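Asker: Generate the whole structure from the sequences, applying the supplied hints.
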Amino acid sequence: MTRRTNIWINTDWITIAIFVLLVFLGWINIYSAEYNEHEPGIVNLSERYGKQMIWILAAFTLAIIIFIIDARFYMYFSYFFYIGVLLLLLAVLIFGKEIHGSRSWFILGDFRFQPSEFAKFATGLALAQFLSSPNMNLKTIKNVIKALLIIAAPAFLIFMQPDTGSTLVYAALVIVLYREGISPIYVFMVIILGVLFVITLIMNKTAIITILISATFIYYMVTHQRKKDVLIGAGIFIVTGSLLSLIRLFLQWDINFYFITILTLIGSGLVYILLAYRYKLMKQLLVYAFLVGSVLFAFSVDYVFNNVLEDHQQKRINVLLGIESDPLGSGYNVNQSKIAIGSGGFWGKGFLRGTQTKFNFVPEQSTDFIFCTVGEEWGFIGSAVMILLFAALLFRLLILAERQRTHFSRIYGYAVFSILTFHFLVNVGMTIGLMPVIGIPLPFISYGGSSLWAFTILLFIFLKIDATRTEFL
Amino acid sequence: MKNQYVSRKYVVGSVLFLLVLLYLVRLFYLQVIDTSYRSSASNNVLRFVTQYPARGLIYDRNGELLVYNEAAYDLMVIPSQTGPMDTADFCAVLDLSLEEFNARLSRAKEYSRYTSSIFLSQISSTNYAVLQEKMYKFPGFYVQARTLRKYNRANAAHVLGYVSEVEESDIQRDPYYNMGDYIGKSGVEKKYESLLRGKKGVQIFMVDVHNQIKGSYLGGRRDTVAVVGSDLTLTLDADLQAYGEQLMVNKIGSIVAIEPATGEVLALVSAPGYNPSLLVGRARSNQYAILEKDTLKPLFNRALMAQYPPGSTFKTINALIGLNEQTLFPETEYYCDLGYYARGVYVGCHLHNAPLNLIQGIQNSCNAYFCNVFRRILDNPKYGSVREGFVAWRNYLTSFGFGSRFGSDLTGELPGFIPELSYYDRYYGENGWSSLTIVSMAIGQGELLITPFQMANMTASIANRGFYIVPHIIKSNADGQDMDPRFSEKQIIPIDSSHFETVIEGMDLAVNGLPGSGSTARNAKVPEIIVCGKTGTAENPHGEDHSIFIAFAPKHDPQIAIAVYVENGGFGNTYAAPIAGLMIEKYLTKHITRTWFEEYILNTDLIHIDTTNQHMD
Numbered sequence: 000m001t002r003r004t005n006i007w008i009n010t011d012w013i014t015i016a017i018f019v020l021l022v023f024l025g026w027i028n029i030y031s032a033e034y035n036e037h038e039p040g041i042v043n044l045s046e047r048y049g050k051q052m053i054w055i056l057a058a059f060t061l062a063i064i065i066f067i068i069d070a071r072f073y074m075y076f077s078y079f080f081y082i083g084v085l086l087l088l089l090a091v092l093i094f095g096k097e098i099h100g101s102r103s104w105f106i107l108g109d110f111r112f113q114p115s116e117f118a119k120f121a122t123g124l125a126l127a128q129f130l131s132s133p134n135m136n137l138k139t140i141k142n143v144i145k146a147l148l149i150i151a152a153p154a155f156l157i158f159m160q161p162d163t164g165s166t167l168v169y170a171a172l173v174i175v176l177y178r179e180g181i182s183p184i185y186v187f188m189v190i191i192l193g194v195l196f197v198i199t200l201i202m203n204k205t206a207i208i209t210i211l212i213s214a215t216f217i218y219y220m221v222t223h224q225r226k227k228d229v230l231i232g233a234g235i236f237i238v239t240g241s242l243l244s245l246i247r248l249f250l251q252w253d254i255n256f257y258f259i260t261i262l263t264l265i266g267s268g269l270v271y272i273l274l275a276y277r278y279k280l281m282k283q284l285l286v287y288a289f290l291v292g293s294v295l296f297a298f299s300v301d302y303v304f305n306n307v308l309e310d311h312q313q314k315r316i317n318v319l320l321g322i323e324s325d326p327l328g329s330g331y332n333v334n335q336s337k338i339a340i341g342s343g344g345f346w347g348k349g350f351l352r353g354t355q356t357k358f359n360f361v362p363e364q365s366t367d368f369i370f371c372t373v374g375e376e377w378g379f380i381g382s383a384v385m386i387l388l389f390a391a392l393l394f395r396l397l398i399l400a401e402r403q404r405t406h407f408s409r410i411y412g413y414a415v416f417s418i419l420t421f422h423f424l425v426n427v428g429m430t431i432g433l434m435p436v437i438g439i440p441l442p443f444i445s446y447g448g449s450s451l452w453a454f455t456i457l458l459f460i461f462l463k464i465d466a467t468r469t470e471f472l
Numbered sequence: 000m001k002n003q004y005v006s007r008k009y010v011v012g013s014v015l016f017l018l019v020l021l022y023l024v025r026l027f028y029l030q031v032i033d034t035s036y037r038s039s040a041s042n043n044v045l046r047f048v049t050q051y052p053a054r055g056l057i058y059d060r061n062g063e064l065l066v067y068n069e070a071a072y073d074l075m076v077i078p079s080q081t082g083p084m085d086t087a088d089f090c091a092v093l094d095l096s097l098e099e100f101n102a103r104l105s106r107a108k109e110y111s112r113y114t115s116s117i118f119l120s121q122i123s124s125t126n127y128a129v130l131q132e133k134m135y136k137f138p139g140f141y142v143q144a145r146t147l148r149k150y151n152r153a154n155a156a157h158v159l160g161y162v163s164e165v166e167e168s169d170i171q172r173d174p175y176y177n178m179g180d181y182i183g184k185s186g187v188e189k190k191y192e193s194l195l196r197g198k199k200g201v202q203i204f205m206v207d208v209h210n211q212i213k214g215s216y217l218g219g220r221r222d223t224v225a226v227v228g229s230d231l232t233l234t235l236d237a238d239l240q241a242y243g244e245q246l247m248v249n250k251i252g253s254i255v256a257i258e259p260a261t262g263e264v265l266a267l268v269s270a271p272g273y274n275p276s277l278l279v280g281r282a283r284s285n286q287y288a289i290l291e292k293d294t295l296k297p298l299f300n301r302a303l304m305a306q307y308p309p310g311s312t313f314k315t316i317n318a319l320i321g322l323n324e325q326t327l328f329p330e331t332e333y334y335c336d337l338g339y340y341a342r343g344v345y346v347g348c349h350l351h352n353a354p355l356n357l358i359q360g361i362q363n364s365c366n367a368y369f370c371n372v373f374r375r376i377l378d379n380p381k382y383g384s385v386r387e388g389f390v391a392w393r394n395y396l397t398s399f400g401f402g403s404r405f406g407s408d409l410t411g412e413l414p415g416f417i418p419e420l421s422y423y424d425r426y427y428g429e430n431g432w433s434s435l436t437i438v439s440m441a442i443g444q445g446e447l448l449i450t451p452f453q454m455a456n457m458t459a460s461i462a463n464r465g466f467y468i469v470p471h472i473i474k475s476n477a478d479g480q481d482m483d484p485r486f487s488e489k490q491i492i493p494i495d496s497s498h499f500e501t502v503i504e505g506m507d508l509a510v511n512g513l514p515g516s517g518s519t520a521r522n523a524k525v526p527e528i529i530v531c532g533k534t535g536t537a538e539n540p541h542g543e544d545h546s547i548f549i550a551f552a553p554k555h556d557p558q559i560a561i562a563v564y565v566e567n568g569g570f571g572n573t574y575a576a577p578i579a580g581l582m583i584e585k586y587l588t589k590h591i592t593r594t595w596f597e598e599y600i601l602n603t604d605l606i607h608i609d610t611t612n613q614h615m616d
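Protein sequence lines, in the order shown, are assigned to chains U and Z. Under numbering that gives the first Met the number 0, the residue at position 7 of the first sequence is numbered 6, and the numbers go up by one with no gaps. Under numbering that gives the first Met the number 0, the residue at position 340 of the second sequence is numbered 339, and the numbers go up by one with no gaps.
Keep in mind the hints are simulated off the structure, nothing from the lab. For clarity, every value in this text was computed on a predicted model and none was experimentally measured. We put the CB at the ideal spot given by N, CA and C, even for glycine. The reader is advised that the hints may include incorrect statements.
In silico DSS-like pairs for lysine-lysine, Cα to Cα no more than 30 Å straight-line [what the hints assert, rightly or not]:
hint: 1; chain 1: U; residue 1: 314; chain 2: Z; residue 2: 108
hint: 2; chain 1: Z; residue 1: 213; chain 2: U; residue 2: 50
hint: 3; chain 1: Z; residue 1: 8; chain 2: U; residue 2: 463
hint: 4; chain 1: Z; residue 1: 213; chain 2: Z; residue 2: 149
hint: 5; chain 1: Z; residue 1: 149; chain 2: Z; residue 2: 133
hint: 6; chain 1: Z; residue 1: 190; chain 2: Z; residue 2: 213
hint: 7; chain 1: Z; residue 1: 474; chain 2: Z; residue 2: 554
hint: 8; chain 1: Z; residue 1: 8; chain 2: U; residue 2: 141
hint: 9; chain 1: Z; residue 1: 474; chain 2: Z; residue 2: 199
hint: 10; chain 1: Z; residue 1: 296; chain 2: Z; residue 2: 184
hint: 11; chain 1: Z; residue 1: 190; chain 2: Z; residue 2: 296
hint: 12; chain 1: U; residue 1: 96; chain 2: Z; residue 2: 136
hint: 13; chain 1: U; residue 1: 145; chain 2: Z; residue 2: 8
hint: 14; chain 1: Z; residue 1: 149; chain 2: Z; residue 2: 184
hint: 15; chain 1: U; residue 1: 138; chain 2: Z; residue 2: 8
hint: 16; chain 1: Z; residue 1: 292; chain 2: Z; residue 2: 184
Estimated spans, in silico, between C-beta atoms of each pair [to be verified]:
hint: 17; chain 1: Z; residue 1: 86; chain 2: U; residue 2: 189; range: 43 to 51 Å
hint: 18; chain 1: Z; residue 1: 47; chain 2: U; residue 2: 311; range: 29 to 37 Å
hint: 19; chain 1: Z; residue 1: 133; chain 2: U; residue 2: 66; range: 57 to 65 Å
Answerer: What follows is the structure, given as structure tokens:
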């Protein structure tokens, strides 16, 4: 029982110090971004900076409450939190107030509440609970699918609101699965498909197919012992392709040339499958399947891009990839944001002296684009300090997670790390033109009660668990 | 506790480390290395508001205000700032249909959603007043003040010219102009653009994203003040100009009146003309298209651009050349038997007494007489050949300014045409022609082409007894800036002034000769003023001949020299001479005594009769 009194000492004050510093810097920058010369008091409750002060005080209170509650409460009730949040997400779809075309908010009088913000910590807890159950390993497909379902359920409900930005945050939890032993092939495939997605939008398909087929051929030539077989395989491939092309020519087949390529791949692939099965060359078969999959994926990207993504999302991606340049249209936000940050120079323009943010050239300058105020008024020095503060927080969280003695607490620590990392990288990346415009807040900095509280809860549950780590063996 | 995947923390950590590094490098590039964002930031926040100076005013020679400015308002829109509003009310104020409203708004959006563009240019001041009251209800719209040209009289459109928005080519030629600026496109407005336009000023403001002004930049230290355009006084006599246009109603042709001693253009009428107010403001492009399609070509400045054979008026020139070359003397007599016959060539003439001396020849406008005069000049033994004689003759013509532009300050001058030696050499071969081949030029027909403007100047040269000053429209400007020196420089014609007296005698008699003495221009007679004139008829292969008349008055102290052309007006004496007489009387006495005569001209319609006749056919 004496261990319990150590909580004061075991609490990680470094993280708390960074947290307080970030929250304070956020408040200062919101003050600057929203500065109203008629209401100059920073505690003026009619302005956002006054309100943020209330949110901050409430967040501190929340943190204290979280610390008072026994750490085991979060473990035992993790699924209750999770189910409760799912119900809230369902409810907001039905009872939520539609703002800018999405149902993300409950509004009760003056009180606004965004359940998707709170779903993050609950999902983290549930994932930790699931992955820390006895004899759990991620080598079986069944477990991987279960874990992915835990992540996908809230993501799907948020996607229905729709709130693409908050949905994407859940992809970050793949980092947790990776740490817990999921095969790197999954991660590798996600990265390859991501790269392929981007390349497909930039390059023409003939080039991509040529590269993919050549790469596979070279791979076989290098790894396969019997080079002759590989050459025969290539021969089969070419003959099949020529035959199909001839048939197309004679029958006046009104069919896309790319379709012929895919048919050729699959057709000649049948021979491989037989051979591979016979000689037990499963690895080669997998590579071949991946080739076919990649080619099919390359084609589906166009379809997904044109039919699934919304117009403004397509444009944002096009602007980021440099396919489209539209500084007054969809590129406006990024362009103005880069101008604001870029005009800050090395030392910045000084507190309350940012013209771009002050005169509203930057949109959402106290929420999603708060980093612009930092960049413009505090310059490279200020923004570098803020980036390093975040980096310090994230590395500290990594260290804390790794020092946990239970699976549950480590997994939850990684969840906190993943979510904060994603928010930080995407938010800052978007303001400096490294990421597409995805509307998610910068943790602890952006204006807003829901997000500040949610991040506080997310972080402090972990800090509380961490503070009691010595109680577990 | 053992965990086989613990090494993966290094992968996660290194990836994060690399990304943080990438972000720092990117920030350093954005903020420190790439300086272009700083200028973009000033472009964002600094609004350069152009201060448009009022364009210079234009007065006539008597100080009457002809052209001034009226405030007009461009309605601007920033599409991204528009919001829900009472579109019906908005359209009602501006007289727009809903379709037009939507079309204009989408055009503005196409241009840019975030910067302002003209939604509706030049709304009237009454619309502006109503709109101003309601402006707060129409977010995203604002009004920018401009000035429009305004005319006190509906006259002299061709002289004054018009103003319109600059084109891309203007901006490229002169960086002074920006999109949406106005520039003189023709006439005085174009010629004296640099004086009239003044100098734009600029005020620099700091604005927010809604274009709302937040204060002046650096306390206004970088602002410049607009300089008002310089006022111009023209040589034009507005009353005479208006009277000329009135006389030319329902006629095609032109009148050019010049003050001989100074070369100042008193009136320059091209009929049919148009009201200069038509080519102002929003209606300009529509009206311009209508005028351009008009078969009577009202935009065509006949006074400067129409080129006709000079007809018999040209006999005065041939007489002067002959006298100076001493192939002709005042007492030289030629016989005329209803025309001139020589080796198969016949030039017809009308019935008159014969033989005639030079003065009578001019008075009677005898064709045969001048065929002889012309051939004697070209066949002058002094030169040895007709080709040399032709060159000598031609040199006299160019000294009058024929065949080339004066380089006057009136825009659109055409040079006319005086054939060169090579022209006939090419046509007939070097030895294939004689003075007889081209004898039609003796009476101003043939290949000669002369504009009314050149003709008026020729008349002024005769009135001056041997010199002219390049005719011009500018009298002075408010800046006192020096005028083109050529506008006060005498161009001497190499013909002895005594010869002019002889020709002038003939021109006097042509107008004022006793009845029955064969005077051809009696219709130009003005009570108590000695008008000297000469009729002409330009042959017109397409229809009725063109009536021409040149005159100056008073004989001994010329105040006005005038050339009148009436297309399809028949003989010079029919319409052109009476118009010239009325113009001279109007200018010299400010009063018309023979109102019945005036009525006759005013009621003459040479345009519509023609067409009704055609309909009847």
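Asker: Checked against the structure, which of the hints given earlier come out wrong?
Answerer: 4 and 6
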